[in-house]
Amino acid sequence: MSLLQEEREIILNNEFIDPFDFAEVEEFVKNANEELFISHHFAKKEKMLVQPRGGFPTYEKQFALNEFFVEANVDVLPLTIDSNTRLNDYTTARKMLQLSEESEHDMLNGYPLVTHGYKATRQMITHFKKPVSLRHGTPDARLLIEVAIASGIFEIEGGPITYLLPYSKNFPLDKAFLYWKYVEKVCANYSKLNLPINRESFGPLTATLVPPSITIVIQLLEMLLSLEEGVKSFSVSFSQTGSMNQDIVMGSVMRKMAKFYAQEIDCADATINLVYHQWMGAFPTDKKFAQQLINMSTVIASMVGADKIITKTKEEASGIPTKEANAETVANTQYTLRILNGLPNITDKEEEEILTMEVKAIMEAVFNDSADTLWRKVFNSIKNGIIDVPFSPHIINHNEMITMRDANKNIRIIKRGNVPIPDRCFEYEKSQCDLGKSNTSIVNDIIHDIGIMQ
Amino acid sequence: MSLLQEEREIILNNEFIDPFDFAEVEEFVKNANEELFISHHFAKKEKMLVQPRGGFPTYEKQFALNEFFVEANVDVLPLTIDSNTRLNDYTTARKMLQLSEESEHDMLNGYPLVTHGYKATRQMITHFKKPVSLRHGTPDARLLIEVAIASGIFEIEGGPITYLLPYSKNFPLDKAFLYWKYVEKVCANYSKLNLPINRESFGPLTATLVPPSITIVIQLLEMLLSLEEGVKSFSVSFSQTGSMNQDIVMGSVMRKMAKFYAQEIDCADATINLVYHQWMGAFPTDKKFAQQLINMSTVIASMVGADKIITKTKEEASGIPTKEANAETVANTQYTLRILNGLPNITDKEEEEILTMEVKAIMEAVFNDSADTLWRKVFNSIKNGIIDVPFSPHIINHNEMITMRDANKNIRIIKRGNVPIPDRCFEYEKSQCDLGKSNTSIVNDIIHDIGIMQ
Amino acid sequence: MKVVTGVVGNDIHVVANRLIELSLDARGFEVFNLGVNTYLEEFFDAAVETQADVLLISSLNGEAEGWAREVKLLKSKYNTLDDIIMVIGGNLVVGTASADEIVPRYKKYGFDLVFHQVDLNTGLDTLEMYIKQRDVK
Amino acid sequence: MKVVTGVVGNDIHVVANRLIELSLDARGFEVFNLGVNTYLEEFFDAAVETQADVLLISSLNGEAEGWAREVKLLKSKYNTLDDIIMVIGGNLVVGTASADEIVPRYKKYGFDLVFHQVDLNTGLDTLEMYIKQRDVK
Ligand code: B12
Ligand code: B12
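Protein chains in written order, with our numbering: chain A, -14 to 439; chain B, -14 to 439; chain C, 135 to 271; chain D, 135 to 271.
The following block holds chain A by itself, in its conformation from the complex:
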């Protein structure tokens, strides 16, 4: 028995789940309908796939949500996991699910997949015959993704960096790398049985003034860590920056660099997809304005040429959206994609060149780290601030890099910290900004820069 299989048996043998029938699950994946695989839909390249966000505690409510989404012509169903399950606290998840089932009141902010188990969940997923994407935010997702794949969920979001730096304060980063290595391997193995399982990185990070170079580097590294383990279908992603041009440049550079680095490790055969998140930062409280913003995000996603778009709702600023609001966004987004035609071809050579140089410089610094494996190099690079994510709550993050918006709302780096931004690029970034402008306080400047959509 392989080491991996040994680990799997340990992980899957616990009191929170039904006995796990490895052979049965393998058989299921082998014969699963191609419609369930997002990789199948990516391959068709018919249109930009539309995927909302959403998860409810009970089976019934989740089912109803999915019905709403299908009615609204969804392409990819989400399954968002509750925060207890994310923290591997299955005991609380079970208790809260029971409470939720007994009353009308939801006691969980997502679907407790492990508690429901794969038999029940598979029934729901095969019923709808739509690809499902697992949204969680779990550093140790080993059990979760086993149950997910067994349920027919063939896209797994996350990664050791993107699900940690924005989502956690204390969880040990090195452990996250190891736990995610398990995830990659399991995905890679299942991918041999049928169409590939797709892995997706979470590019929005903190959604707060993260400069394109940092986002791209993290996307590339999570991609490499995944392809290394044999994953054959991977989505890099990012969220709307606030500048249409920066989005277009970022999308173009991300696509090119992903191809380039995949080739570098001889993984050119893997499919790389580009995913765009509608504005992930602070939303306007006015719901009509929120709708405008969401529509604009869709237009920009089209200009970026994304393969998939992940949507927000008009209720973002207030609280967890209703299923009605969520379905409305899906219908609106599909409509906009349908009526938006005649997209121009746009390239901004100078911006692309600057951004490419930055990405390559940071990647090189990571590769030059003396550690033996890629994940250790990445770990060290985060620890010593070569990679630095603005507004990360995690203790390991340096928080030395400072960014601001220029007149066109492009995010620019005005303090490098330890990030090896080449001098020429750094001068360019600063030259775009009115550094002397700040006659109000720094707090007001930041509030202004993060509140541009309000």
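Since the hints were derived computationally from the structure, they do not count as laboratory data. Misleading hints may appear alongside valid ones.
[Claimed, not checked] To give an idea of the interface, some chain D residues facing chain A are shown, with a C-beta separation under 7 Å as derived from the structure:
1. I146
2. V148
3. L153
4. L156
5. S157
6. V170
7. N171
8. V228
9. T230
10. V252
[Said to hold, decoys possible] Derived pair list, reagent style DSSO-like, types lysine-lysine, alpha-carbon separation capped at 27 Å:
11. K46(A) x K273(B)
12. K273(A) x K115(B)
13. K273(A) x K46(B)
14. K29(B) x K241(B)
15. K32(A) x K394(B)
16. K394(B) x K394(A)
17. K308(B) x K273(A)
18. K273(B) x K273(A)
[To be verified] Chain C is faced by these chain B residues, among others (derived, beta-carbon under 8 Å):
19. A8
20. V10
21. I427
22. I432
The beta carbon of each residue, even a glycine, is placed where N, CA and C say it ideally should be.
Given the structure of chain A, go ahead and fit chains B, C and D with the ligands onto it with the hints provided.
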């Protein structure tokens, strides 16, 4: 007394209006607040100006509508005139206004400006201190624009071609040219007293598969006819075509050509503005979709770099919009313009070249007509089909040109009729289309091509 | 079968009118299209002149109601129009109202078939069925 | 004046927290920022340790209510915290509710100042006024 002044005295001496005090009106215009002049706001170039559509019969309702608009942060107020006034039927207008004032029920589809008179209307306009744009559709607007300017309305929409070919079946085109000549002259004269009165052409025409070259030629000709008479501020306009790229190309060529031809007649000193109409064709009946469409139009207007945008409402497909829906669009449009940043620079050289060649060829054919004055040349060119507007209801229009949409929804000319589209351009246009595709009926093809936003 | 068609009143929305002509043509009708901006008298005169079987009126800009109210009175003055099939379609009110409300009202005004915001092909299909059924009787 | 601040519970929304620290700093407070993901005990322990005058808690992700209910009980276990000014702000419920509803509820839970979806500078201005008025008394 000049001939013009004689004509004015005849026009302004009738039982439908209060005695017209020429001296008082001149004094008023001379001292009018710059805020009332749209030309002042264009000159500031601070932002794209937002202008809705709308007109109600009674003073009170029009006042309330304006309050709503101001609340929504409008830049330019509209004053849309009822259809009796448009047809110079002031007797009916007066009767219907009385009926409207006596009950809650509106018996007119716009504001009967001549009936209200300039004293009352001026009070409203100076109260709001916003520039007002006169929207009518009147072939003989001589009396109407006199009352308008006396009221403080310093932008006059329309023109002999654009207010006739889409709006009328039988009104004599030659008369329209002469009546509009009067309008131009009066505007030009008043413009000497204070800031210039702005004239605007109505580029949307029938809003139904009109190819860019026809729209641009008509815009240029109405501009020339206006500048010839001494107008110093003129807006060319067009409406969303259905292809983002075609809109951008069209905007760029229209701007360049307007400058070029203005220079040709030594009117380079006149200010030429570019106005964009949100989608003017058949709207979706779903109001949420209509909102998406409107938002998308705003994004495209920004990419076009328009100086002013004229809005639609989510109620377009059903009927005359409520003031609430109208104000909502204004607020939404302002919000979108505010949050849309980092616009890329876009040019499509090939498309621009083709379109420029077409425009120049048609313009040349018009200029080559043997008549002595420009308006007669234009008249003859419409009569003999050198200018041909698809779906015009007017008997003089040839209706020989046929257009269709290509795969990117660009409007392409597939039958020239008498329009002198150069061979090279014509081949290009046809080559973009799948001419063999039509396996359904021609009716379904057209329904499809005009229904792309549904 | 002869059809007289056009858009009633001061309405100049011509697009549907052009399509209706094409579609009636394709369906084998002999079409007399009076175009937009056509008054009731003109419709009836043309119907008499051409001995039309169907009078098919469009209205888009909200004017319909004002004209429709006069139909019965005016039609009664022509003595050869008793058997003509009266059809109206388009956007039949100012503002919004449901077909449930509108259709009976227009039937009272003297129309046999009423299509408020109904796609023209659906409407013309219904017309053809209506003609067939009438011929059976 | 000493302020202990942070984001309560498993909440990791850090942006407002960073800004609050900067703003309190600029206003001359001595700030002890515990950051995100801070449990109630940690807040009270830090308040005791630093002899803080103000305890200013943020909550964004909807967890607030669950924690706020425990405040009175827990605080009563510390005997040096009777005079501390208790402040809470952010997005204080799951879903939507109005301040009129929320503020009295949170006052009952033991907070002196409650800011539901209130801009941080407005909130901190109010805090400063509150402190001045209390000092007068
Ligand atoms: C394009 C357009 C114009 C163009 C018209 C160009 C032209 N000459 O044709 C322009 C810009 C010039 C214009 C002008 C005006 N318009 Co206009 N216009 C439209 C618009 C956007 C689309 C109409 C269209 O062509 N649709 C495509 C065709 C194929 O569809 P259709 O006409 O809706 O017809 C369909 C059905 O009704 C059906 N049908 C029609 N007839 C019949 C008959 C039968 C028997 C059957 C079965 C079916 C049927 O078949 C069609 C296909 O399914 C509509 C709003 C909308 N629908 O989105 C407003 C609209 C029709 N216009 C309107 C108005 C008020 C005007 C103006 C008075 C505006 C103004 N205040 O300036 C003027 C003047 C018009 C006049 N004197 O009549 C209103 C009518 C309001 C109402 N009914 O309550 C509308 C609804 C817009 C609005 N919300 O205010 N307009
Ligand atoms: C950015 C963001 C994220 C980022 C956070 C990055 C980071 N580490 O900070 C990411 C993407 C990682 C994220 C994750 C999650 N998020 Co989040 N997020 C947001 C978002 C879009 C903006 C928050 C923000 O930064 N705003 C800018 C700052 C400056 O403003 P603010 O935080 O709103 O605070 C203002 C005021 O409240 C006030 N304030 C704050 N504290 C105090 C204290 C006092 C005393 C005073 C006076 C004022 C005050 O000052 C600020 C400025 O005025 C909001 C929605 C929104 N508001 O648009 C959702 C939102 C807060 N998130 C939410 C949720 C549920 C989550 C998740 C659980 C989602 C999930 N299911 O995956 C996760 C996990 C979070 C966790 N464990 O807590 C919900 C909360 C729901 C609720 N309250 O009912 C929201 C409202 C979105 C939604 N509609 O679902 N999120």
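Now the hints, each set against the structure:
The restraint placing I146(D) at the interface with chain A holds, with a minimum CB-CB distance near 5 Å, inside the 7 Å limit. For V148(D), the suggested interface contact is upheld, since its CB lies about 4 Å from the closest CB of chain A, less than 7 Å. At about 5 Å, the closest approach between the beta carbon of L153(D) and any beta carbon in chain A falls short of 7 Å, and the interface hint on this residue holds. At its closest, the beta carbon of L156(D) sits 5 Å from a beta carbon of chain A; the interface hint therefore holds under the 7 Å criterion.
A least Cβ separation of about 5 Å between S157(D) and chain A falls short of the 7 Å threshold, and the interface hint therefore holds. Proximity of V170(D) to chain A holds as hinted, the smallest CB-CB distance being about 4 Å (cut-off 7 Å). Of the supplied interface hints, the one on N171(D) holds, with its beta-carbon coming within about 4 Å of a beta-carbon of chain A, less than 7 Å. For V228(D), the shortest C-beta to C-beta distance to chain A is roughly 6 Å, which falls under 7 Å, so the interface hint holds.
At about 4 Å, the closest approach between the beta carbon of T230(D) and any beta carbon in chain A falls short of 7 Å, and the interface hint on this residue holds. At about 12 Å, the closest approach between the beta carbon of V252(D) and any beta carbon in chain A exceeds 7 Å, and the interface hint on this residue is violated. Taken as a hint, the K46(A) and K273(B) pair is honoured in the structure, with Cα atoms around 25 Å apart against an allowance of 27 Å. Simply put, K273(A) and K115(B) have alpha-carbon atoms about 25 Å apart, close enough for the 27 Å limit, and the pair holds.
For the proposed pair K273(A) and K46(B), the alpha carbon gap of about 25 Å is at most 27 Å, so the pair holds. In summary, the hint linking K29(B) to K241(B) is supported, as the alpha carbons are separated by about 21 Å, within the 27 Å threshold. Note on K32(A) and K394(B): the hinted pairing holds, with a Cα-Cα distance of about 16 Å set against a maximum of 27 Å. A hinted pair counts as satisfied when its Cα atoms are at most 27 Å apart, and K394(B) with K394(A) does not qualify at roughly 31 Å.
In summary, the hint linking K308(B) to K273(A) is supported, as the alpha carbons are separated by about 16 Å, within the 27 Å threshold. At most 27 Å may separate the alpha-carbon atoms for a hinted pair to count; K273(B) and K273(A) meet this at roughly 10 Å. This hint is violated: A8(B) has a C-beta 38 Å from the nearest C-beta of chain C, more than the 8 Å allowed. For V10(B), the interface hint is violated, since its Cβ never comes within 8 Å of a Cβ in chain C; the closest pair sits about 31 Å apart.
For I427(B), the interface hint holds, since its Cβ comes within 8 Å of a Cβ in chain C; the closest pair sits about 6 Å apart. Interface hint status for I432(B): upheld, as the beta-carbon distance to the closest one in chain C is roughly 7 Å, under 8 Å.
When held up to the earlier numbered hints, the structure conflicts with 10, 16, 19, 20 and fits the remainder.
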